[in-house]
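Assemble the whole structure, with the sequences as input and the hints as a guide.
Using UniProt numbering, you'd call the opening residue of the sequence shown number 1 and step up by one each time.
Hints are supplied without guarantee of correctness; some may be wrong.
Stated by the list, open to error - Simulated pairs of lysine-lysine, BS3-like, Cα-Cα distance not exceeding 27 Å:
| hint | residue 1 | residue 2 |
| --- | --- | --- |
| 1 | 15 | 33 |
| 2 | 71 | 360 |
| 3 | 94 | 33 |
| 4 | 46 | 15 |
Calculated directly from the structure, the hints in this document are not laboratory data.
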Amino acid sequence: MSTQESQVQVRFVTKSAKYTVPDVPLLVPIVLKRDGLSELVNFLLKLETPVPFQFLAGGQLLRTSLASFIKSQPDLSAENILEIEYIESMVPPKRVSEYKVDDWISQVCTAANGAVLVGCYDGTAKVYDQSCQLMYNLAAHRSAVKAVAWMHSNAKDWQAPQTTFLTGSQDCSIMGWSLNQTTPTAGDVTATNEKGPEPSLQARPAFECLGHTGSIESISANRSGTQFASASSDGTIKLWSTREHSGKSQATVNETKRRKLNGSAIPLKRALCSLVGHNGAVNTVCYNTQDERFLYSGGFDYSLRTWDAERRVNLNTRPGDKVILDLAYSGLSHLIATANADRLIRLWDTRVQEGEPGVKLTLSGHRAWVSAVDWSPTSPFMLASASHDGTVKIWDVRSPTASLYTVNPAAQDMEESGSRKGQKLLTVDWSGSTLASGGEEGVLRLTSVEY
1 MSTQESQVQV
11 RFVTKSAKYT
21 VPDVPLLVPI
31 VLKRDGLSEL
41 VNFLLKLETP
51 VPFQFLAGGQ
61 LLRTSLASFI
71 KSQPDLSAEN
81 ILEIEYIESM
91 VPPKRVSEYK
101 VDDWISQVCT
111 AANGAVLVGC
121 YDGTAKVYDQ
131 SCQLMYNLAA
141 HRSAVKAVAW
151 MHSNAKDWQA
161 PQTTFLTGSQ
171 DCSIMGWSLN
181 QTTPTAGDVT
191 ATNEKGPEPS
201 LQARPAFECL
211 GHTGSIESIS
221 ANRSGTQFAS
231 ASSDGTIKLW
241 STREHSGKSQ
251 ATVNETKRRK
261 LNGSAIPLKR
271 ALCSLVGHNG
281 AVNTVCYNTQ
291 DERFLYSGGF
301 DYSLRTWDAE
311 RRVNLNTRPG
321 DKVILDLAYS
331 GLSHLIATAN
341 ADRLIRLWDT
351 RVQEGEPGVK
361 LTLSGHRAWV
371 SAVDWSPTSP
381 FMLASASHDG
391 TVKIWDVRSP
401 TASLYTVNPA
411 AQDMEESGSR
421 KGQKLLTVDW
431 SGSTLASGGE
441 EGVLRLTSVE
451 Y
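So this is what it looks like as structure tokens:
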């Protein structure tokens, strides 16, 4: 690099009122990277305690030197004044707690107050508090629990009577559960609070949903809690109402096979409808958190589909390149993130019309299948992913080629496929400042994420 190009003019800008520097161009060494720029901004701010900063140039997180960034931008040169936005760096993730269960963890779902609902391959569902203390242990199904969901995930008082959560299983059934104030009696087979047998809340079956002919792979409840959707390996999505029970199942269900609790039949619920269109198993379904008329699904046919839950029709089909294992919708960015079987995360713009390119961006960094994704509830840019490589990665989508942090369990042996032997991660959930994850190890991990 020539001498005249050894420096570049930059203008630092920020949206943070407390960290504003003078709005004038500065001549800085073109070899500076993030750490050097952070030191410079701290010097300009005259901070007693240094604050680490990240930097955005051209809408991208700066992960290289200024020279490399300018070289990668065909419309830029060292003669331009480069505007650089600075933001506080994310605090490194911190492991909060963990808890060992008896079998693989298929899915986790966190309520607003931090209670974690866990589905396990031994047919149980468990509820833990924020410190990973077991609160409820449910013998929920005859086969593996593959999907769990809180019906009122935004409710802080999740222990209020009638608050309902859902479990779906390989036994083709969905169970709705409610928390009721009762006094345990002899022979009571409901799941009681682990703190003791005194009068307390009990988790009891509220209803059972039958009608799918394949494993329940995913459950999503709408924001108002009036409806939920289930995705199944039978290739269909079914919509269910929470407002009333049908009193009988669909015609394919034998009435004599109702499960009973203390001699009483569990009410059976009839599906409102079946959404048909996928060619093969449907792995994931998710409601639009801003407009619950719409929901999205993905599966083994590589397609991402948009459905109208009111009209019960397929509005849009976006073809993909690989099997979609999971998806998450962000109401802040209006993007859908999909976890794919080719080690990539794809970001889809829901606002484009059918026939237009749907994939806006891909995130790469995992070494095996990406099994699960979830957006930050407070940032349009932050995303978490879990993978068969045994890691959880935290992403800023403005840096698509490298994650911000990788949350690693203890070192393991890596298989040729990139998967970690016996320790594939299958699920991740981001609620508030906590990431919950689990998988083959049978370990529920809670990680604190602050930014």
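Evaluated hints:
{"no.": "1", "hint": "15 to 33", "result": "21 Å, holds"}
{"no.": "2", "hint": "71 to 360", "result": "23 Å, holds"}
{"no.": "3", "hint": "94 to 33", "result": "26 Å, holds"}
{"no.": "4", "hint": "46 to 15", "result": "18 Å, holds"}
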